[in-house]
Amino acid sequence: MAAASDFNPFQSPPKGDNMFAQITDNVTRIMEAPKPPRAWYIAMGIALSLLTMFLGSITWAAWNGIGVWGNMMPVAWAFPIVNFVFWIGIGHAGTLISAILFLLRQNWRTAINRFAEAMTIFAVMCAGIFPGVHIGRPWLPYYMMPIPNQMGMWPQYRSPLEWDIFAVSTYATVSILFWYMGMIPDFATFRDRSTSTVKRIAYGIVAMGWRGSSRQWHRYERAYLILAALATPLVLSVHSVVSFDFATAQLPGWHATIFPPYFVAGAIFGGFAMVVTLAVPARQFFGLKRIITIRHLELMAKVMIATGLMVGYAYGMEFFISWYGGSSYEGFTFVNRLFGPYAWAYWTMIACNVIFPQLFWFKNVRTNVWAILLIGMIVNVGMWFERFVIICTSLTRDFLPSSWGYYVPTKFDFMTLGGSFGLFFTLFLLFCRYLPMVAMSEVKAFSPAGGHARPHLHHGHDDAAHAHH
Amino acid sequence: MNKKLRVVSERSESPRATDTAAARPTYWRSLAELDQTPEFRDAVEREFAEPLQGLPPDSPGRRRFMQVMGASFSMAGLAGCRWHEDKILPMTRRPEGVIPGTTSRYATAMELNGIAHGLHATSYDGRPIKIDGNPLHPDSLGAASTYHQGSVLGVYDPDRSDAVSQKNGEGRDVSTFEAFDKAAKEQLKKLRTTRGEGLRVLSERSSSPTLAAMKDRWLAAFPLSKWITFEPLATNGRAAGTALAFGKPHRVHYSFAEAKVILSLDADFVAPSFPSGLANARGLTHGRTPDHEEMNRLYVIESAFSSTGATADHRLALRSEQIKAVAAYLDAEISAKARPLPEQGAGQPKPNAAFLSDAKVQKFLDAVAKDLLANIGKSIVVAGLHQPAEVHALVERLNVLLGNSGRTVFYTEDRADAATSDFEGLKALTDEMAAGRVETLFVLGGNPAYDAPADVGFAAALEKVAFSVRLGLYEDETSQGATWHVPAAHYLESWGDARAYDGTISIVQPLIAPIFGGRSALELLARLLGEEPKGLELVRAQHKGLLGDDRRFRKAVHDGIIEGSAFDRVSPKLTSIPPVKLSERELSGAVSNGGFEVRFVPCPKIYDGRYANNAWLQELPESFSKLSWDNGAFFSVATAKELGITDGDVLTLTLGGKTVDVPCIVAPGSADGSIKLALGYGRTHAGRVGGKVGTDVTPVGGNANLIRTTEAPHFAAGVRVATSGPGKRLANTQDLYAMDQIGLDGIAERLPELVREAPYEEFKKEPHFAKHLVHQPHEMNLWVDPVSYEGHKWGMAIDLNKCIGCSACVTACQAENNIPVVGQENVAMGREMLWLRVDRYYRGNPNEPELRFQPLPCQQCENAPCEQVCPVGATMHSHEGLNDMVYNRCIGTRYCSNNCPYKVRRFNYFNYNLDVIGMTPYTPTEDPKMKLKAMVFNPEVTVRSRGVMEKCTFCVQRIQNAKIPAKNAHRAIEDGEIKTACQETCPTDAIVFGDLNDKKSRVANLQKLERAYQLLGEFNNRPRVQYLARITNPNPELA
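Chains as they are written, first to last, in my numbering: chain R, 1 to 469; chain S, 470 to 1508.
Keep in mind the hints are simulated off the structure, nothing from the lab.
Just so it is clear, CB atoms sit at the ideal spot from N, CA and C, and this is done for glycine as well.
If a hint is listed, it holds; no wrong ones were tucked in.
Here chain S is said to cover these stretches of chain R; the calculated rule only asks that three of the stretch's residues, wherever they fall, bring their Cβ under 8 Å from a Cβ of chain S: (1) 66-77; (2) 153-161; (3) 338-350.
Covered by chain S, per the in silico footprint, the following chain R stretches (three or more residues, Cβ under 8 Å): (4) 139-146; (5) 244-252; (6) 323-335; (7) 390-398.
Please construct the entire structure, taking both the sequences and the accompanying hints into account.
Next up, the structure:
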């Protein structure tokens, strides 16, 4: 792309031979540049157009009634909920990388954890919009909150949707805290290197007076560890709870005990696919090839093949249980998935999620960035179809054949789906430009100069010292 | 609801019963104004000019001045009307029996094709909102059909004509009643001198004795004029056939409850379009209660599935034209065994028809003949009214020979002219009109410009009539060509009378003054004849003989029937019937494209098109195809395959050079080579629902009249079928036949568990079969039972043996519960709002399928999956076991619908009442016509806006309406006191509602029956509705 031109300030090699300085330069240069590359503007233009379409389509739905979408009876949940689960799934990799891989001492995570976390938060924001706008009376979602009121209303806690409210909002809160806290030392670096007053004040406020003292580092590392420990169960809980929406229902195709682990594995799978989809262009255009190396991408490819196999196992196990369980309704639902009117969706899902990721067994595939990017995008498509298959195909044909139907999305469904990517990418592009895209302090800790493979982060004064470069 | 029947007071101050709406103001301020006295008119015209003039100029005086000023103020009030006028009911003296805010019921009757159906109309504050059957009426027995249920919407149709109009070149000018009366009087004055030369009256079929008397007076006044009756669905086969068999036209009445073996030859005798259809349905299904009594056995030979055919134990699909040979064959068989008397003649020679030698057909007919002969005096043979005279003659001959006459089949004498064809009458009239021999024409109702057969160019001929008057509810196709259009009064707006099929007279009582000032045919004619144009007086005068005094008249109005007014039953003598002539076609077996038969049937929803602008009826799914907002050509599976067509393909049907475009419907069970096509569609001037050319409302469906002919108006041979366009997505509420194999296999696998059934013999051996068909494991609840049901415990039992799939319950539910109409596009998307649906399943071989109906309301589960998943508690369990919907709490997550195994919940994807109620409560609609539409709402049921879920409530408002008076009177609610809307209208009594805690209640006892089962009960939802398994009674010889 045009971004690879010689005039790109982001692309010029970092000066000096100090590894730490190079890292700092590499990351802060993006913020310091007077103008982002033209690719950023093009991408931002597209993202903002999509965002406008998104806002337009949901406003249209809110004004006229959600009948502008293709939802019908029996398929009362369709694209909006598919999109919700899809985005929630995307939002899994970030915290997994941040928290679980941190606790497991997977040090390679440091190169990607920051923007994986950002991705998580933006994905959860995209996801969070859907339950609000998909309801029939989108001006009343607060009825689901336990707010004391004069109407004598109170949420109905037996409903998995109510559990969702708490699971997703907790996840969003902890993810934001975790993300923000990790950025504090980097904000301080930004503050210290800022040349304009506005930036200095802005970064100064968000850096919360970070000076890089030993005491601060000590507290910081403790807090980070605690938050990581808190966030870890959330990685498992949030998608488990989302899966309860389906698992606790009576509908054949939803009513399955395998759903919680299956959804979590699928979410990690899809989340990693999204991370590589974002990481490959980001390292390309923002000159982060030295930080996000091919080794990182290869490791993510390995995670994807592992989780992809788990998902494939779940697909197979669903069929086994539907046969073993002996319910004719359940059995029919799965035969219908394979060969019914929506078989195309099912086979798209299988191809994208089970067949294509197998290419990662070949080393030359998983070390080729463009192959990784392509397969990552394919998996994203596949994971979207997985939710479509579960939600829509199951609903089209349930118990009584008289109520069977065929769901066809409208153009507003596609506008809302496409538009949600606009929101996501708008936020992501703003993040790339204005926030530390790589966790500088953590990367330094594991860089050759920082003395790698240490169990804890020991930055000492290094960081502050290099802030003067 | 107040069950006590009331009679509209015939005093003129009653708000409902204004006879002379045009002449006198409906709402009035003083008696002087009401009576329009000369003094009053004078005062109005003069305003205060004269009193001032009369004042001496030099001596005003304070007192006099005040008098004058006071007078002028009051005069200004009388003369002005310049301020906004709100119409209110003048209830300073409350009319007898009217309590504001409560409902009351009045008996009335509705006439269709010359047969009255007794009804009860529910009135709320002076406006009718609901129609039900009159239990005292012989054709109703408390039941009402979709036509009757839907008719109340027609009162408030904003497209109804609201003014007299006069033709002006190509267009039409709005005129007044006064102008019309003047013009008509002048025209008639001229005609009196010529004794009615060139004067014709074209009326729809009516059984009104008052109108008949009026007709006699009219013909006496204009001896050279002619009175023609035309009804697009009129048949004369039965009258002509009975004339052939008995010498005189007769009507035939049945007692199906007494019959053990019933044979229908192409007769859908339980349909509301069949004379006494609803009473027949009650009788037929009464004999199909296997729990305590013996079952009857029903054989049906028909060309396409009907409600009767769906109920049959044995069914044979033959083309309608083949029925004649079948009747001859059966006569030959039975006459040989039943030994007719010499004067009754010998039987028919056995017809040499190719299809009769088919082993299957022969076996069927022989078994039928044997069964009929084994049940002498306990059988019924009935032929479709569209069948020719010979078939009816043979069928009545069979009834006499089988000893049924006087036991299960009864005869009354029909009009002498009943055997003449309406179609020929209309053709003769049209020829006269085209030849310019008709100078003056009155068209009373009907819509011949639309529904005359294609070879009768009525619309073109109407242009040649110098003075034509059309009395109609709508300014429709016929009105377009008439010089004058006069708005008609709805039957709920006018006094009248009409006879049931057995002759019982009902008084038609108005429920509301004519909203648009329309006139009934009686009033129009009376005015033209110079008689007192008061419907009530005319009717009362007519029945002076039967109901001399006022008390008896009031009782007749109150009851809805005049007791003892039925025709006398007779025992006609059977005469010899000459051998029937059978044409080549009638004897032929298979037919190919170009030679297909088309059968024109009354639409079960919009009849002959008169309800085309009725949105409830347009949206109602047709019983067999489940198609709404359209008609289609029904083909058998084999014929569709042969032609390579499938559901939704747009076809052109060509018959005699005329064509019509309709979509294809693959309808298993149709006879090969026979096409069923419903009449009533393709209206070009119906309104904003049924279609209006020149607006964006395209006509709904294809007009079958375009290929109909006078010679063969009911079924015709020689149709060619060609595919004319790309397939279209049909607005059907249940999958059509064309489903993938996976789906069909899935249905076939689960259907026996959903619609449980067994042959009668097996049921007697193993009565509990339905309960044990599906293993119901010992279940445990995830949640504690919310309530213990100590008071009432409402439940329902639906007898699958009785449901005939007529869908009257669906429309009744729609009327009762303010269910919105969503339109064709939304139905096609699967968003219909009907709370109650009647599921239709085919069973067995697609070439000889059986058909099963299953009405499905909310099952009101005790362990309701919907309640558990609602995050805001908008659907809650009541202490009586109802799943209550709290609309105000609902935010529309639709999770409840996803978790409902029955998918009975309906969601307001849009504000389907936007036109009527406005976008928000703060922006109400101001359009007066839309406000009129709101008048049909049942005020006891919330009108839902967008974004909320809704579903069947077991008519909770009716439950409350019974509970409150019972509590006030310190008594228990009696069983049967509460009837749900669906139950009340059901012709076959298939739905029973009541308190399960009351051990003596009907519903509790029905649910205790061995054949009662829960639908999907194995999922531990504990539904409160139980189905009674269907029991068939097959003939062992045909097994």
